[in-house]
Amino acid sequence: MKRFLIRTIAFTCLFVGVLFILNLILPYNPDGYMREYFVKTARLDSTDRNKVVILGGSNVAFGYDSKLLTDSLNRPVINAGLHAGLGLKFIVDDASRYLKRGDILVLSPEYEHFFAATAYGGHPLADIFYLSDGRVASLLDMKQWSTVLENTPFYLKEKVRYTATAWALKRANHTQLSRMSAFNEYGDMVAHWPDSLSHYTAPAETSSTPQELNADYLLHFVQQVKEVKKRGVDVVLYPPSVAVSYLHSHAADIQSVDSAFTTLDIPFVCRPGECSFPDSLLYNTHYHLGHRGAQMHTLHLLHLLRDKGLADSGN
Amino acid sequence: MLFNSIAFLLFLPLVFCIYWWLGRRSSLRVQNTFIVIASYVFYGWWDWRFLFLIAFTTYCSYLSGLWIDRSRAKGKGKKQIKAIAAANIVLNLGILCLFKYFNFFQENLIELFAAIGYELDYVTLNVLLPVGISFYTFQALSYTIDVYRKRIETARDPIAFFAFVSFFPQLVAGPIERATNLYPQFLRRRTFDYAEACDGCRLMLWGFFKKLAVADSAAAVVNVVFADVNSYNATTLLIGAILFAFQIYGDFSGYSDIAMGTSKLFGIRLMKNFNLPYFSRDIAEFWRRWHISLNTWFRDYVYIPLGGSRVRRSLIVRNTFAIFLLSGLWHGANWTFITWGAYHAALFLPLILLGRNRKYTDVVAAGRTWARPHEVLQMGVTFLLVTIGWIIFRATDIHQALHYIARLADLSAYAFPNLDGMTLLVVAESSLAIFVMLLLEWKSRMKPHPLCWSAKLPVRWCGYLLFSVWSFLSYTTGQAFIYFQF
Numbered sequence: 012m013k014r015f016l017i018r019t020i021a022f023t024c025l026f027v028g029v030l031f032i033l034n035l036i037l038p039y040n041p042d043g044y045m046r047e048y049f050v051k052t053a054r055l056d057s058t059d060r061n062k063v064v065i066l067g068g069s070n071v072a073f074g075y076d077s078k079l080l081t082d083s084l085n086r087p088v089i090n091a092g093l094h095a096g097l098g099l100k101f102i103v104d105d106a107s108r109y110l111k112r113g114d115i116l117v118l119s120p121e122y123e124h125f126f127a128a129t130a131y132g133g134h135p136l137a138d139i140f141y142l143s144d145g146r147v148a149s150l151l152d153m154k155q156w157s158t159v160l161e162n163t164p165f166y167l168k169e170k171v172r173y174t175a176t177a178w179a180l181k182r183a184n185h186t187q188l189s190r191m192s193a194f195n196e197y198g199d200m201v202a203h204w205p206d207s208l209s210h211y212t213a214p215a216e217t218s219s220t221p222q223e224l225n226a227d228y229l230l231h232f233v234q235q236v237k238e239v240k241k242r243g244v245d246v247v248l249y250p251p252s253v254a255v256s257y258l259h260s261h262a263a264d265i266q267s268v269d270s271a272f273t274t275l276d277i278p279f280v281c282r283p284g285e286c287s288f289p290d291s292l293l294y295n296t297h298y299h300l301g302h303r304g305a306q307m308h309t310l311h312l313l314h315l316l317r318d319k320g321l322a323d324s325g326n
Numbered sequence: 398m399l400f401n402s403i404a405f406l407l408f409l410p411l412v413f414c415i416y417w418w419l420g421r422r423s424s425l426r427v428q429n430t431f432i433v434i435a436s437y438v439f440y441g442w443w444d445w446r447f448l449f450l451i452a453f454t455t456y457c458s459y460l461s462g463l464w465i466d467r468s469r470a471k472g473k474g475k476k477q478i479k480a481i482a483a484a485n486i487v488l489n490l491g492i493l494c495l496f497k498y499f500n501f502f503q504e505n506l507i508e509l510f511a512a513i514g515y516e517l518d519y520v521t522l523n524v525l526l527p528v529g530i531s532f533y534t535f536q537a538l539s540y541t542i543d544v545y546r547k548r549i550e551t552a553r554d555p556i557a558f559f560a561f562v563s564f565f566p567q568l569v570a571g572p573i574e575r576a577t578n579l580y581p582q583f584l585r586r587r588t589f590d591y592a593e594a595c596d597g598c599r600l601m602l603w604g605f606f607k608k609l610a611v612a613d614s615a616a617a618v619v620n621v622v623f624a625d626v627n628s629y630n631a632t633t634l635l636i637g638a639i640l641f642a643f644q645i646y647g648d649f650s651g652y653s654d655i656a657m658g659t660s661k662l663f664g665i666r667l668m669k670n671f672n673l674p675y676f677s678r679d680i681a682e683f684w685r686r687w688h689i690s691l692n693t694w695f696r697d698y699v700y701i702p703l704g705g706s707r708v709r710r711s712l713i714v715r716n717t718f719a720i721f722l723l724s725g726l727w728h729g730a731n732w733t734f735i736t737w738g739a740y741h742a743a744l745f746l747p748l749i750l751l752g753r754n755r756k757y758t759d760v761v762a763a764g765r766t767w768a769r770p771h772e773v774l775q776m777g778v779t780f781l782l783v784t785i786g787w788i789i790f791r792a793t794d795i796h797q798a799l800h801y802i803a804r805l806a807d808l809s810a811y812a813f814p815n816l817d818g819m820t821l822l823v824v825a826e827s828s829l830a831i832f833v834m835l836l837l838e839w840k841s842r843m844k845p846h847p848l849c850w851s852a853k854l855p856v857r858w859c860g861y862l863l864f865s866v867w868s869f870l871s872y873t874t875g876q877a878f879i880y881f882q883f
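In order, the protein sequence lines correspond to chains A and B. Per the working numbering, the very first residue in the first sequence carries number 12; after that it's consecutive. Per the working numbering, the very first residue in the second sequence carries number 398; after that it's consecutive.
In isolation and in its complexed conformation, chain A is listed as follows (with noise of 0.2 Å):
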C-alpha cells in the first residue's frame, strides 16, 4: 500500500509539473479576443473624467457604437463588455472597482446569467485568471474558483491549439472576431462593421421550456447594484439587445427576470421588448448587433439617458 501510494504521489507531481511546464512554455494567442479584458481594464484605470461605462457580455461589445454616445454625452464613453463566459457576478465586481462618484453605470447583462450557474462563469474566466497571473483571485468566490479549475484544461488546450495552429490564424480573414484587435478605441467589437449582411439564423425552436431564476445569485445581484449606487454612482439597468425570434421564443425567461427585477426594486429603464431588433440586424447570434443595429441602439440608449437626466455634460 505504500508503495502504491508513493508511486501515485509521484506520478501525480510528475502530471502537474508537465502541466505547469506546458502552461509555461505555450504562449497564448497575442492577439487573443480574451486579451482585450487587459486594454478594457486600463482604459477603466486611466479614464479620470466622470465616464459612462457599458457593462455586459460580448451583447454590450457588439450592441454600441460608443463613439457616437462620447459625442453626443461629451463625456467618456467606454465599452466594458467582453464575454459573459466571465460571469455577471465576476463582470460587476471588477467594473465596479474603477466606478467612482459622478460615473454612469449602463449595466446590461444577457438573460443568461440569472439562470443555473451562468452567473459564476465559464472558460473565459479561467482564461482572465490566467492570464493576469491570478491578480483576481480576490474577486472570486468557491463557485467561482470550481469555474476556474474545472476550465484549466481548456485554458491549456486553447495555448496547444494556438501553438498547432498559429500560421492558420495568420492567414485568417481580416474580419475574424475573436481577436483583440477587433475591438476599436472604444471598447466596441468592429471588425464586422463593414459587412452589412445578416449571418444570424434563428433556431429552429419556436419556444424554449421555461427556467428557474438562480434565486441567490439574483439577490447577490441586488446587492452589488445598491453597493454601486451607494458610492454615488448612477446605474441603469438596460435590457441586453436581443434578435426578435429570440425574445419570442424565450418570452418566459424574459419575462421572468423583468419581473424579478422590478420586484427587487431594480426595475429595466425600459421594457425588454425596446430592445428587440428584426433578425436581419443581429450579426452571428442572437445578441450581437451589426454596425446598423448597433447605432439604433445607442441613440435608443442616449435617448433613454437623456430622459433620464443622466445625458449633460460630463465635467
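Quick caveat, the hints were computed from the structure, so don't treat them as lab data. C-beta atoms are modelled at their ideal positions from N, C-alpha and C, and glycine is treated no differently. Don't take each hint at face value.
[Said to hold, decoys possible] Computed, partial: chain A to chain B, Cβ under 8 Å:
| hint | residue |
| --- | --- |
| 1 | Phe-26 |
| 2 | Ser-157 |
| 3 | Glu-161 |
| 4 | Arg-172 |
Guided by the hints, dock chain B onto chain A, whose structure is given.
Coordinates of chain B only, in the frame set by chain A:
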C-alpha cells in the same frame, strides 16, 4: 457525482484511504458498511431523493430472497415461491416503468385513441428520472431470479447485499453485475493487492482517455450536426454519424473501464462490459462484444426462458425480436430506441436462422499483426451497419433518423464538409484520438486492455503521462455520460 468532476477527484482518494484503513483495523461488516455509505453519498450527490428509491428496491429484493428461502424451508409449493419472486419482479419493474415509461405509453395511447376518434384525459407525471435506475433495478432483479432458480444462496447479510446493489463504481451506468459474481465478493475480506491497484489505475486512465479525448471531443461535432441536419451536406452528416459511433463507444466503454478500474482499487472485480465491438466481423459477434452485461442479462432472463433458439423457427423470430425490442425499450421511452432494437433484430435474425450466429467466437486476426482484406471488409460492413443503427438511436425522432439516412444515400450531396474552421479542427482532434484508440486496441486485442505494457518503468510512465495530459486537455465541463440518461 460524475467520474469526470472535481468532486470525484476529491471523493475517490478519501474513500480509498478510509476503506483500506478500515480494512486493516476493522471487521468485514464495517468495511462493507463504509462502502454502502460512500456509495449512497456518491449517488445522493445528484439528488438525495433518489436514495429512498434505491434503498427501497434493495430492501424489497433482499426481503424477497429471505422470503423465498423461508418458504422453501417450510416446504411451500413451487407456485407460492414463484409468486414471491414474481411479486418482487413486478414491483421493481413497475417502479422502473412508472419513472421511465408512464408518459411515453400514455402519450402513445392518447394518440392511438385520437386516431380512431376518441379523446382521452391527459395526466402527466412530471417525475424526475432517477439516475441509473435501469441499471440497479436489473441488477437487483437478477438476484431475485437467481435465488428462485437456486443459482445463488440467499443473501443473509443485509449490509453486504446493500453494498452489492449500490456499489458506487458501477451503480449508475453498469456493468449490470450478477449477484453470482459480485455479491460473494462482499462476503470475503478484501486485502490490498498492489498489482491489482496499479492495473486499476491503468484501466481508469484508459477509460478517461476514451471518455474525454474520444467521446467528448466527438460530441462537440455530433451535437452541432444532429441539431440542424438540414444545414449540412452528406459528407458532414457522414462525419457526424461516424463520430457518434465513436462517441457512444468511447463514452460507454470508457465509463465501464473507469468503473472496473475503480473497483480494482477496492479489491473488487467487475465483469468486462465491452470487448472491442468495432472489430466484429458480423452483427452476431458485435452483440457478443457490446454492452455484454445487458445482453447476457436479456439472454439469460428473457431469451432462454422463452425457449431461446431451441424452438421452432417462428418462435426463434419472436424471441429474437423480443430481446432486441426490450433492449431498445430499456434505453428509453422513445420510438427511436425501439426502432433501433428492431433494426438490429432484423440484422441478427438471418444469422440465427441460418445457424451462423456463432461463426466468429475467436479474436479477429489472432496471432497476426494485420487483418486479411476480407476481414477488413467484414469489419467495415459491420461497422457501417451498426453506424446506421446509431443514427436511429441518436436522432430525436424517427422522422429525423429517416431523413438523415436518406441524405446519406444521396450521392450527389457529397462535397467538402461544410463546417466552420474551428469545428473542422475539432473533427481533426477527435479523429486523431479515435485513430490512436483503434490502433492501441488493435495491437492489444489479446491483452486485458491497451495499457498493459511490458516496457521499462520510465517508458511506461512517459506513455501514461501522455495519455493523462491528453485526457486532461480534452476535459470540458458538464459532459455527462450518455448512459446516465438510461
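Structure-based check of each hint:
no.	hint	result
1	Phe-26	holds, 5 Å
2	Ser-157	holds, 6 Å
3	Glu-161	holds, 5 Å
4	Arg-172	holds, 7 Å
Consistency with the previously given hints is maintained throughout, with no hint failing.
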